[in-house]
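J.: The listed protein sequences correspond, in order, to chains A and B.
Each residue of the first sequence is one higher than the one before, starting from 69 at the first, in the working numbering.
Each residue of the second sequence is one higher than the one before, starting from 69 at the first, in the working numbering.
Any given hint could turn out to be false.
No copy labels: a pair is met if it fits in one copy or bridges any two.
Only pairs whose alpha carbons sit at most 27 Å apart, straight line, appear in this in silico DSS-like list of lysine-lysine [as the list claims (entries may be wrong)]:
| hint | residue 1 | residue 2 |
| --- | --- | --- |
| 1 | 148 | 352 |
| 2 | 426 | 168 |
| 3 | 95 | 155 |
| 4 | 168 | 480 |
| 5 | 356 | 426 |
| 6 | 322 | 350 |
Just so you know, these hints were derived from the structure itself, not from any lab.
Protein chains: 2
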Amino acid sequence: MAKANAVYAQSGGVTSVINGSAYGVIKAAQESGIIDNIYGGLYGINGVLEENLVDISQESPADIDRLPYTPSAAFGSCRKKLPSLEKNRADFEKIIEVFKAHDVRYFFYNGGNDSMDTAHKISQLSHDMGYDVTCIGVPKTVDNDLPVTDNSPGFGSVAKYNAVSLREASFDVASMHHDSTKAFVAETMGRHAGWIAASTAMAGTNENEGPHIILLPEIAFREEAFLAEVERIRAKVGYCVVAVSEGLQNAEGKFVADAGTVDMFGHTQLGGAGDFISNLIKNKLNIKVHNALPDYFQRSGRHIASKTDVEQAIAVGKEAVRLAAEGLNGQMVTIVRDSNTPYSWSVGHTDIVNIANKEKVLPVDYIREDGFHVTEAFRTYCQPLIEGELWPDYSGGIPVYSQLSRNLVPKKLGQNT
Amino acid sequence: MAKANAVYAQSGGVTSVINGSAYGVIKAAQESGIIDNIYGGLYGINGVLEENLVDISQESPADIDRLPYTPSAAFGSCRKKLPSLEKNRADFEKIIEVFKAHDVRYFFYNGGNDSMDTAHKISQLSHDMGYDVTCIGVPKTVDNDLPVTDNSPGFGSVAKYNAVSLREASFDVASMHHDSTKAFVAETMGRHAGWIAASTAMAGTNENEGPHIILLPEIAFREEAFLAEVERIRAKVGYCVVAVSEGLQNAEGKFVADAGTVDMFGHTQLGGAGDFISNLIKNKLNIKVHNALPDYFQRSGRHIASKTDVEQAIAVGKEAVRLAAEGLNGQMVTIVRDSNTPYSWSVGHTDIVNIANKEKVLPVDYIREDGFHVTEAFRTYCQPLIEGELWPDYSGGIPVYSQLSRNLVPKKLGQNT
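Please construct the entire structure, taking both the sequences and the accompanying hints into account.
T.: Below you can see the structure in the form of structure tokens.
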């Protein structure tokens, strides 16, 4: 097989370890024997559409080696979801045109279900246009909602961030509750699936430790039952720590955050699910509540990433190149759980159509019967994913993260975007 | 001097390192030659008032040794501020009565300005009542607003937490801003002084790195100038990261969070300063904004504590016992900065009345002339305080923190509280 060039691009919300996958792809590409130059798409698929391709060969080895220790997307990410081929054939044709101009025959797209849809379409259209591009998906999402794969790189670290932070906040409230804060609410990411909210359960080592209640998007919110559970916990432990998914919905399937709830003063409430829950506790139970919204801190908290997660992120990147070298196309790399005790895993792959635009929510047997917490089966699933620490270097009190120079490959199609 | 017993108690909002001071006091007390038994006040001064004294000798050496690695207040904290002697002599007399019953002649109170006020009054009244109790204050506050001392244990770690988290979130927004989030707002603690908000400056190593704007409680908020600064930053960098103190005030001296601001739909806004600022950016500049509210995560984030801070927390605890052994009374331990380059420090002490009920705000020369950031002088001050890492042990993916058994000393005055 003649050597050709490759493009690697990052897509969707970033994670603490997506750059570990970049590192895996880059290292494997350099050793693959099939890839001449590996380019980075600047801001995901936008970089291809705009012919902004980063010349990775110009980056320093030190910056490349630091990628697995660096959060965010080193090449920039995007939220662009390409519409169907019928509706927007021009964009897809432009992508193929850019690939052709730069002799790109391999495309590694690192993202979630939307990105797999894009990769799938490019693979199809390139074939139809007579310029075959091998497209391999590299999984990434803090939401952990990709089907087929046992878990997605990014999840283990957001889970560890939330478990550690909720543990620390629970200790805080335990200290203060005697004459001050009696309840604490933390809102987690995960708009459609409860994996992240569920992972906060790993903060506690027994049922008296927080979080005492976990509100999942899979379970419709029941105000009275929730308030009763808060009171039950308070009577038992003295205080109550609640984790709530940003995607919590009411019985009508509306996000509680958007439900137009009116507070005791007649004001329509703005804010998210965490605000909603903390205001509810404050107004109905008349106790002091604090609430936290870690937002991007949780998905970019590389300083507390899971070692398992970093290792898996690197491995799926490397495997993507191996699959391409093997001649496979239209596949996404998966993580396969080979055993629970001791935990062992390997990489696999699946047809990308099994992933594109599909979501895996929390299975019923991971949710406690009353809907307010997780089961032991979930803990068994989640435990190995948050295991291990892999600290970045520090200088001047803050982590040293890779900052690529991102020099662009000279354009061949002009500057039209 | 005949040996007597001592009480150590923790007060006010907790920190990542207050238990380091507990460790310092306990270790020094055991070696002091003046202290027979050291007891812990359960939930601060409440433990004395309620005669709930923890028998520290019953704790395992492993749990004691782990205290400097454990956030929150291991003995429980309190928000109780005792009113003046005139208004509530009974409480003070009860405290002396409990001390007398348990042969307590030393009281180490670990807290902020309110706590120093309490310690001062106890010292005075015990003398008036003919039962002298030596009261030594051990400084603690994330707010860093205690006068005289160069800095307060707790601040270095909350500063490091916020610097690291803002750095990571800035990398996140830098990745996403091409076609998604263009501004990010993080609300920090510090209702009356801007030390914590200012410390977020340590996240960036040059002016293009976030946070680009820091809104301090010392500077009245000016909406137009702020929005212009956001636009200036966006034109230059592409995105804008803002840190805002929870105590940001408008020109009338009202907290912006309570100012009854009405949004574009006519709803009165609830929520804090971070919500206020992010809604303002969204509504006036019409760009995608995310906001984070770390709340208790920041002050209990022991997993990312500063080594300097932990060492100083231990040192001020030890010094408190040494001052007592030297026969001093009514003093608070201070941290003295001996030099900046290289940073060196020592412990000192000051009369507790110099601390009680006083607040040290951010000096003018630490604030950039336009009021939207800090100066190099502030960076020089803050840098050494966030230096160094001292990781806790991990087990099962989460930190191993000390959990004391807190067995109580048998009561001698019955169960009346």
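J.: Take the hints in turn and mark each one as holding or not.
T.: Hint-by-hint comparison with the structure:
no. : hint        : verdict
1   : 148 <-> 352 : between (42 Å within a copy, 25 Å between copies)
2   : 426 <-> 168 : neither (30 Å within a copy, 70 Å between copies)
3   : 95 <-> 155  : neither (37 Å within a copy, 73 Å between copies)
4   : 168 <-> 480 : within (10 Å within a copy, 88 Å between copies)
5   : 356 <-> 426 : between (41 Å within a copy, 26 Å between copies)
6   : 322 <-> 350 : both (22 Å within a copy, 23 Å between copies)
The structure fails hints 2 and 3 (numbered hints given earlier, in ascending order).
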